[in-house]
Amino acid sequence: MRPSPVSLLRILVPVKRCVDYAIKIRVNPSGTGIDTNVKHSMNPFDEIAVEEAVRLRERRKDVVTNITAITIGPTKSTETLRTALAMGADSAIHVEIPDSLSPEPLGIAKALKALIEREKQKEQVDLVIMGKQAIDDDAGQTGQMLAGLLDWPQATYASKVVISEDQNSVNVTREVDGGAEEIKCRLPTVVTTDLRTIHSRLNEPRYASLPNIMKAKKKPIEKLSIEDLGVDLTPRLEILKFQEPPKRVGGGKVANVDELVAKLKEAGITAVSN
Amino acid sequence: MPFRVLAMQRIGRRQKLFNICIAEPTVPSFWRIPARSYAQPARPMKNEGSSKASEPIRVRKFGGSDNLAGHNLETQTVSQDELLSYNTDWMGKYQGKSKVVIKPKSTEEVSAIVKYCADKNIAIVPQGGNTGLVGGGVPVFDEIILNLGNMNKIRNFDPVSGIVTCDAGIVLQVLDNYLAESGYTVPLDLGAKGSCQIGGNIATNAGGLRVIRYGSLRGTVLGIEAVLADGRILNCLKTLRKDNTGLDLKQLFIGSEGSLGIITGVSILAAPRLAAKNVAVFALNSYQAIEQTFVKTRRHLGEILSAFEFFDQAGHRIQQAHATNPKKIFETGGDSPFFALVETTGSNKDHDDEKLASLLEDLLESKTIVDGVLAQDATQFASIWELRELITEAAGKTGKVFKYDVSLPTSAMYEVVDATRSHLNSLGLYKGEGKDGVVKSVIGFGHFGDGNIHLNVIADSYAPEVQSALEPWVYRFVSKRHGSISAEHGLGLQKTGYIFLAQDISNVGIMRRIKHNLDPGNILNPYKFVQPKKMPHARTKDKIAHSIEEEK
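Line by line, the protein sequences are chains A and B.
Take 957 as the starting number for the first sequence in my numbering and just add one per residue.
Take 22 as the starting number for the second sequence in my numbering and just add one per residue.
Next up, chain A with everything else stripped away, as it sits in the complex (with noise of 0.2 Å):
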């Protein structure tokens, strides 16, 4: 809960290294999961994260503070910081893994926590945003984990988010089945972002202009191990078998209804009886 109403908020932005959005999925040689030999690039959901963070700030300057882009992640993984700041984050945090972890949504969350407990220090932050779900495995989880391991609110499958007059709670619209369902979520809370359809984005991802990237080349990433934040991300999961779904096989023309009705009885297919 937060104690007097008029302060200033700080934003943190998870966001994940994919395969890019664009690459077509193989298995790789040894059958062990999907060929990374490929281009990666920021989950875009996280992109619409990103995005949704700086509009925030550009719509409410005098409420949002800082906007922290942080990712777990190997190595390369601070290109995808490099775009968040170029993309107008402030600072950004890359938490370190090896490049053979392939860390989990609990995992993550729990490392998200033990990340915002150590930043109560400096300054809270106030909003986590991130994307609904990862390309890559599509778990959709993390967010949620997140909330109720912290106990804050969450708003999942965002595609409005507004904060309040008073800074003390968000009032977020929900992609929901049978519509859209609006929520008001007290502060702090997180949120994860989704696409909506593809006529009507939640935003349209700024691209990243080559002053702001200069810029992002001075914006300072701080460097933690995941033993600074004394969490294990040791995989809970097993996976068992690894294979491509089965090919397309063509289809075939016939000629008139009797050939359609033969080949259906061929393949097994009997009427229905009445």
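Fair warning: there could be bad hints in the mix.
Said to hold, decoys possible - Mimicking EDC-like on lysine to aspartate or glutamate, the simulated pairs with C-alpha atoms at most 16 Å apart in a straight line are:
#1 B:Lys136 x B:Asp210
#2 A:Lys1116 x A:Glu1073
#3 A:Lys1171 x B:Asp251
#4 A:Lys1173 x B:Asp383
#5 B:Lys370 x A:Glu1183
#6 A:Lys1175 x A:Glu1035
#7 A:Lys995 x B:Asp371
#8 A:Lys995 x B:Asp383
#9 A:Lys1171 x B:Glu352
#10 A:Lys1032 x A:Glu1178
#11 A:Lys1066 x A:Glu1183
#12 A:Lys1174 x B:Glu382
Unchecked claim - On the chain A side, residues computed to face chain B include the following (Cβ under 7 Å):
#13 Asp976
#14 Ser997
#15 Thr1039
#16 Leu1057
#17 Pro1061
#18 Tyr1163
#19 Ala1164
#20 Ser1165
#21 Leu1166
#22 Ile1169
#23 Lys1174
Said to hold, decoys possible - Just so you have them, the derived chain A footprint on chain B, three or more residues with Cβ under 8 Å:
#24 382 to 390
#25 395 to 401
Simulated from the structure, these hints should not be mistaken for lab results.
Note that the structure is a prediction, hence the values are computed from the model and not measured.
Even glycine gets a Cβ: it sits at the ideal position worked out from N, Cα and C.
With the hints as your guide, set chain B onto chain A.
The following block gives chain B in isolation, referenced to the frame of chain A:
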């Protein structure tokens, strides 16, 4: 005296032949191809006995009462629309009246067809993807269309050397996809890659976006198989990088625009497909800024540079107006007069990023560029390229486009755009960008690194007054500055009359001798490219060509 009588007779006969060839006017009146008299002009396919060819020829037939009796023909009746699509070029500017399209499946079939046509004196238009921009791939009258689209197999590929041998009718994109699986890429990339065929690319010596990196087809094509005008199969299909054993015949066919033979097979040196790619687009305040950017880019990037393109504000605005999903890419520089696009391709991302970073820093600090954007992922990569690649399509949607693909000394390249604007303005045809006028827009964009600019004049229609204002004015402008009137698109039909603005008479003389040697009957793609002598003097267009000849 006797000479004049002879001349009149010749004209008389020519006119008679002209009437046989065209039943009715087939082309818009602005474009008047003079009736040229040649030794054997095109004649409609006639009702004749069995073909002399031993192979069965598959022929698609459309309506009509002609009947090539006594053949193993797989005939099909198709709609007039489909026939029209073969007869019309990509821009919808040129339209032929052929009634026959043949789609052979093998080199032997091509050879049999050509031999038959040679015997019967029937003109042929070799056709690939029909994406050419100078009307070289469609009939002028009713030459039969020999479309290579059914010959699309990969014959051989060596993954160590990267040399691939394939049929000429394979679509460029398909070939590239095949090579991608082995980690290679076709050393050629152009906007039409989804439809153009490699045979056509070679016949026109296509340039494209990556000449600055891979060089021209004259260097990367290692071998050619072609069917000559008498049906002989010429085999220069070696797969050797180095082979100095006599005259390099394949070079004759590269860029020959179907006039010396029909390319049926090619072997080409593919380049390794490298994973690290970057693209950045810059906003610049002046043309000189592009030049400075280009110099710095080459110095900083070295061997990883794979494209350097430019476009102007007018082109950018048109592209944005017609983009299905226009993105705000520039924060501040969107209104700049010029833009440059730089692409890098390399094997090591860190190495390339570092080189690119040093270039970007240099450009920003020296204030050579005003603004710029660097792609952060593959989707942004594609969007940034769209700024340049979709200009052509957007121009086509804005109006009817007069295209001029010219080479000029780099410092003078954009002058042709400014000069064209004031020239059209002085004739009252153009009042400014976006203002009302017969000509809506004049834009320039292209391959800066190759000194090649595409001047596009967009008008409401292919109006004759615009046509006559631009041609031969543009060609003369370029020729005076020792540029090329056709950098990469070729002569085709559009520029065949202006060859003397590009080449000395003696050069053309040698070209004609080679043509006469290889195709004495002039059955391969006549009326285009380099035409044999004996051009009539009486027609308007010819007067220009003729008077230019006299000037020299």
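Status of each hint after checking the structure:
This hinted pair does not check out: Lys136 (chain B) and Asp210 (chain B) have alpha carbons roughly 34 Å apart, beyond 16 Å. Using a Cα cut-off of 16 Å, the hinted pair Lys1116 (chain A) and Glu1073 (chain A) is violated, with the two alpha carbons roughly 27 Å apart. Only pairs whose Cα atoms come within 16 Å are accepted, and Lys1171 (chain A) paired with Asp251 (chain B) is rejected, the gap being roughly 67 Å. As the CA atoms of Lys1173 (chain A) and Asp383 (chain B) are separated by approximately 14 Å, the hinted pair is consistent with the 16 Å bound.
For a cut-off of 16 Å, the pair hint linking Lys370 (chain B) to Glu1183 (chain A) is broken: about 29 Å separates their Cα positions. Proposed proximity of Lys1175 (chain A) and Glu1035 (chain A) is supported: the alpha carbons are some 13 Å apart, at most 16 Å. Between Lys995 (chain A) and Asp371 (chain B) the alpha-carbon distance is near 12 Å, which keeps this suggested pair within the 16 Å criterion. Distance restraint check for Lys995 (chain A) and Asp383 (chain B): the Cα-Cα separation of roughly 26 Å exceeds the 16 Å cut-off, and the hinted pair is therefore not satisfied.
This hinted pair checks out: Lys1171 (chain A) and Glu352 (chain B) have alpha carbons roughly 15 Å apart, not beyond 16 Å. Of the pairs offered as hints, the one joining Lys1032 (chain A) and Glu1178 (chain A) holds, with about 15 Å between alpha carbons and a cut-off of 16 Å not exceeded. With a CA separation close to 12 Å, the supplied pair Lys1066 (chain A) and Glu1183 (chain A) stays within the 16 Å bound. Straight-line distance between C-alpha atoms of Lys1174 (chain A) and Glu382 (chain B) comes to about 13 Å, which keeps the hinted pair within the 16 Å bound.
At a threshold of 7 Å, the smallest CB-CB gap from Asp976 (chain A) to chain B is about 5 Å, leaving the interface hint in force. Using the Cβ-Cβ criterion of 7 Å, the hint placing Ser997 (chain A) at the interface with chain B is satisfied: the shortest such distance is roughly 3 Å. Here the hint on Thr1039 (chain A) is kept, as its CB sits about 5 Å from the closest CB of chain B, short of 7 Å. Taken as an interface hint, Leu1057 (chain A) does not check out: its beta carbon lies about 21 Å from the nearest beta carbon of chain B, beyond 7 Å.
Taking 7 Å as the C-beta cut-off, the interface hint given for Pro1061 (chain A) is violated, the closest approach to chain B being about 23 Å. Because the closest C-beta pair between Tyr1163 (chain A) and chain B is about 4 Å apart, less than 7 Å, the hint holds. At its closest, the beta carbon of Ala1164 (chain A) sits 5 Å from a beta carbon of chain B; the interface hint therefore holds under the 7 Å criterion. Interface hint at Ser1165 (chain A): satisfied, since its Cβ lies 5 Å from the closest Cβ of chain B, which is below the 7 Å cut-off.
A distance limit of 7 Å between C-beta atoms decides the matter here; for Leu1166 (chain A) the minimum to chain B is near 4 Å, and the interface restraint holds. Annotation: interface hint on Ile1169 (chain A) holds; nearest CB of chain B at approximately 6 Å, less than 7 Å. Restraint check, Lys1174 (chain A) versus chain B: the minimum CB separation of about 12 Å is more than 7 Å; hint violated. Using a Cβ-Cβ cut-off of 8 Å, 4 residues of the stretch 382 to 390 of chain B lie near chain A, which meets the minimum of three, so the contact claim holds.
Counting residues of the stretch 395 to 401 of chain B whose beta carbon lies closer than 8 Å to any beta carbon of chain A gives 7, which reaches the threshold of three, so the coverage claim holds.
Comparing the model with each earlier hint shows violations of hints 1, 2, 3, 5, 8, 16, 17 and 23; every other hint is respected.
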